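Residue numbering for the sequence shown follows the working numbering, beginning at 1 and increasing consecutively.
These are computed hints drawn from the structure, not numbers from a lab.
Among these hints, one or two may not hold up.
Derived DEER-like restraints, expressed as beta-carbon distance ranges [what the hints assert, rightly or not]:
(1) Arg300 / Arg702: 46 to 54 angstroms
(2) Ala618 / Leu79: 54 to 62 angstroms
(3) Arg372 / Arg319: 42 to 50 angstroms
(4) Ala288 / Asp222: 29 to 37 angstroms
(5) Asp468 / Thr740: 37 to 45 angstroms
(6) Arg337 / Arg582: 23 to 31 angstroms
(7) Pro390 / Leu574: 40 to 48 angstroms
(8) Ala618 / Ser304: 13 to 21 angstroms
(9) Arg422 / Asp338: 50 to 58 angstroms
(10) Val69 / Arg256: 53 to 61 angstroms
Values in this document were obtained by computation on a predicted structure and should not be read as measured data.
The beta carbon of each residue, even a glycine, is placed where N, CA and C say it ideally should be.
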Amino acid sequence: MRDSAKWVSAPEETAGAVLPGVPDDADGTRRVVLFGPPGIGKTTAAGVLGRRLGLPVLRLAPGPQDARVPYAGLLEVALALPSPPARELAAELDEAAGEPTAPEHGGAALRLRRLTAALLRDAPPMTLVVDNAQWLDPASAAVLSWALRLVPGLPAIVAERTWRPESGVHWCGEDAHPVRVPPLTSGQVAALLSPFRLSPREVARIHACSGGNPALALALADAAPRHGDRPGGGEPVLPPTARRLVGEWLNEVPARVRELLTLAALDDRPDLELLVRLGGPAAETLLARAETAGLLDIGRADGSVRFTASAIGTELTTRLTATARRHLHTRLAEASRDTLRRDRHTALAAAGTTDPRTARHTARAADRARLRGEHALAAELSLLAAELTPREDTEQLTERALTAIRDAAHCGDLTRSQAATRLVLEHERSPDPRVNALLTLLDASGQRLNSADELFAEAVHEAAGRPDLVARILLRQAIRANLNEGAPEQADALAAQAAALARAAGDTTTAALALTMQARVQRVLGSPGADATLERALSTPRTAPVAANATPEHLAARHALFDDRLSDARTLLLPLLVQAQRAGDAEGTVDILRGLAEVEVRAGRCAGALDYAARARALTDSAGLPTGPVCYTSALVEGTASRADSALALARRGVDASRQEDNRVFLSRNLFALGHLLLVTGRPKEALEALEEVRALEELQRVRDPSVLRWHADLAECLVTLGRFEQARELLTGTRRTATELGRDSVLPSLARVHALLDAAQGDYDTAARRLTDAADRLAHLPIERGRTLLALSHTERRGRRRASAREAAQGAADLFTAHEAHPWAEAAAETLDRLEGSPPDRSAHPGLTRAEERCARLAAGGASNRDIAAALSVSVKTVEATLTRVYRKLDLHSRVQLAHAVTPAHE
1 MRDSAKWVSA
11 PEETAGAVLP
21 GVPDDADGTR
31 RVVLFGPPGI
41 GKTTAAGVLG
51 RRLGLPVLRL
61 APGPQDARVP
71 YAGLLEVALA
81 LPSPPARELA
91 AELDEAAGEP
101 TAPEHGGAAL
111 RLRRLTAALL
121 RDAPPMTLVV
131 DNAQWLDPAS
141 AAVLSWALRL
151 VPGLPAIVAE
161 RTWRPESGVH
171 WCGEDAHPVR
181 VPPLTSGQVA
191 ALLSPFRLSP
201 REVARIHACS
211 GGNPALALAL
221 ADAAPRHGDR
231 PGGGEPVLPP
241 TARRLVGEWL
251 NEVPARVREL
261 LTLAALDDRP
271 DLELLVRLGG
281 PAAETLLARA
291 ETAGLLDIGR
301 ADGSVRFTAS
311 AIGTELTTRL
321 TATARRHLHT
331 RLAEASRDTL
341 RRDRHTALAA
351 AGTTDPRTAR
361 HTARAADRAR
371 LRGEHALAAE
381 LSLLAAELTP
391 REDTEQLTER
401 ALTAIRDAAH
411 CGDLTRSQAA
421 TRLVLEHERS
431 PDPRVNALLT
441 LLDASGQRLN
451 SADELFAEAV
461 HEAAGRPDLV
471 ARILLRQAIR
481 ANLNEGAPEQ
491 ADALAAQAAA
501 LARAAGDTTT
511 AALALTMQAR
521 VQRVLGSPGA
531 DATLERALST
541 PRTAPVAANA
551 TPEHLAARHA
561 LFDDRLSDAR
571 TLLLPLLVQA
581 QRAGDAEGTV
591 DILRGLAEVE
601 VRAGRCAGAL
611 DYAARARALT
621 DSAGLPTGPV
631 CYTSALVEGT
641 ASRADSALAL
651 ARRGVDASRQ
661 EDNRVFLSRN
671 LFALGHLLLV
681 TGRPKEALEA
691 LEEVRALEEL
701 QRVRDPSVLR
711 WHADLAECLV
721 TLGRFEQARE
731 LLTGTRRTAT
741 ELGRDSVLPS
751 LARVHALLDA
761 AQGDYDTAAR
771 RLTDAADRLA
781 HLPIERGRTL
791 LALSHTERRG
801 RRRASAREAA
811 QGAADLFTAH
821 EAHPWAEAAA
831 ETLDRLEGSP
841 PDRSAHPGLT
851 RAEERCARLA
861 AGGASNRDIA
871 AALSVSVKTV
881 EATLTRVYRK
891 LDLHSRVQLA
901 HAVTPAHE
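Starting from the given sequences, assemble the full structure and let the hints guide the process.
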């Protein structure tokens, strides 16, 4: 017996271990059966439950070889318990071993049951854990089942992969509580794989591939590339360890079930209707077997079916020969009712051949998929069309391959982009399409392609002697230098070279794009010629289509946002959004949605900002785009308009993603968002750490213009709050000097606000109040910033013992925040007003409400209208509405009737 029974006196968790979730209703249950596929964490879950019971654990762990040895498990128990009944049971088993037949009937069987029951009854307090119970021999299971009925107080935890509740009563007891060990969540998988230092994208892929099975996730992570790109091309293949584990799952179902599952794996959107047509009368029974085995989820509302782990489908298709695969695709084409799916399977049935008719038909199907918005299917069909094109038709093959690269870019499918690029490079000899393919791949990859240097070198080699092609390569290098390397001066020089070469070659489109890039980095560097360069870019004609987020108009909108010319920015962005959406450009659409979200939140249109940010996040997720940019924007919007906790989570996610993606620009931005949110939620020490890193990164990237990323005022406020007055004064003075020199008046009010806080911290309340009043007057077009400044004025006036002025300023801030639906700031203003009331604490007040909220709630519960409450509290009706909204949310109420029962009514 490989694993003999052993005592575990105090099961301990490994530091940082990720534990599977165990339902709380299993606590206190004396008999529990844990079930689930291999690797799901049943052993760990058994340890969790054993630890909760607080008793020493006797662990029995039979192996496959023990299942065929009668009473092997019972002997392990007897040998592990040093007591007279245990020795007597062991002797009885030894004697039985010498008999020609096992003692399954008659007196010998009764003696074994009596001795086992006595052994368990007289044993010291313990929890019996039977791991891998599917290999417990049936004779031992029968005896233990009988004995456990006579010792109901003995806790028993059984972990078994094959048992299911619907199969009948478990041997450990009729009252056994069945628990399917759940898969790990995405967050738990990320924690489990943290030692591997994988990118967030790779962790998300492994979570989907493993279905949250920890053993499979670890096997996949162990084989994942630590640096660089995932190998492109071809069908994915699981590493050997993962294949063995998935093979164990599949071996639990018969061959007919596996055949039907293989058909599901070959379809990109399998549903019950399709599988029933393919499987015939037995299909529903076969699918039920697959669901019982935990391989398939068939209970979805839309009728679709989904593998619980995508690795199951991958393993099933990997096992197929090329001939078998083509045959199954032919069956699927005949059974499919959706014309696009039928075309897909027809093309895949012809894979490995060249067929001009099928290639043409598949290319048309890709066009239809693109029009339907199914970009992932369009990418697959475009690549199939290229692969099916006869090699002698080089022009057609190249055109289709370039289309495939672009389609794959729209849905973030880097693997297909790389495969299509290889097709061009293998069969095309002209430099134009070869360079086009390489540059399209670079554009498609965004920040995810770590082998970009090699591609650039290859592109330069192909473009030798062609200034127009070299200009396009230099432009991509400039973009990469700015984003990935944080080197704007190098990007400026590269963009200038690209613009000059493009003009000389007559390529005005590339010249306009290069000038746009040059203007972008010149603004960052604080170069005086940035505006003139942008004007040149805007006036340069473009003869070819350009991605909306690469146009000079988009940059002009960004500059308008930096200068707080919000109406101009919005006017420029809206038509660009239409352009990007019509082109099916996911990355461009996300960039423009982000810009609109930032415009709207700065203008105080919080509801619109939340909508734009949500759309940007959804498209980022569906297209598989880098998450750093959208996390930054969403964090700022959520922190202003919704909830600080969700905003902080987004900012931290953005920081992690930007570090993994080596995107220094958005690392700075996400750190700024994180520092800002920590500051406004009262954590200046943590905020200081994030904002100091922003300062270091901005200095490293030679960012001089303070309007591009406005971290300076927040860092100075941290320094003031922490008593570092001279450091704050030095930062404010230097930033104001640079802003004035560059004409960046938009940053001056926030600097004045923090300078006022510095004055107040040093006791000069009059000067502070004057600065804040002047700053607030200059911010009439920026309601959130004006409200923040009025809130600072209220705090200053209160410290100067001018409570009436403090209340007036706080009320003004509250009215602004409420009118513009800036909920976190409205709550902060309400708390300030609450403190200014100075009323003694009310012992009957609800602990979750501020005093202002409590008073408003009591008036409403007493029957007062919103207008009456506003008059009684000397606030606006909008403030009352916002306050009651917070009350309902905090108390989980939905009506005034419920409110009247939750708080004591007031009659005023």
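Hint by hint, here is what the structure shows:
The hinted range of 46 to 54 angstroms is satisfied by Arg300 and Arg702, whose Cβ atoms lie roughly 52 angstroms apart. At about 60 angstroms, the CB distance of Ala618 to Leu79 agrees with the hint of 54 to 62 angstroms. About 32 angstroms separates the C-beta atoms of Arg372 and Arg319, a value inconsistent with the hinted range of 42 to 50 angstroms. Between Ala288 and Asp222 the Cβ separation comes to about 34 angstroms, which falls inside the hinted range of 29 to 37 angstroms.
For the pair Asp468 and Thr740, the beta carbons lie near 43 angstroms from each other, so the given range of 37 to 45 angstroms is met. The supplied range of 23 to 31 angstroms is met by Arg337 and Arg582, whose beta-carbon atoms lie about 30 angstroms from each other. Evaluation of the 40 to 48 angstroms hint for Pro390 and Leu574 yields a pass: the beta carbon distance comes to about 45 angstroms. Between Ala618 and Ser304, the C-beta spacing of about 19 angstroms keeps the proposed range 13 to 21 angstroms intact.
Between Arg422 and Asp338 the C-beta distance comes to about 30 angstroms, which lies outside the given range of 50 to 58 angstroms. Range check, Val69 to Arg256: about 32 angstroms between beta-carbon atoms, so the 53 to 61 angstroms window is missed.
Violated hints, listed in ascending order, are 3, 9 and 10; each of the other numbered hints is respected by the structure.
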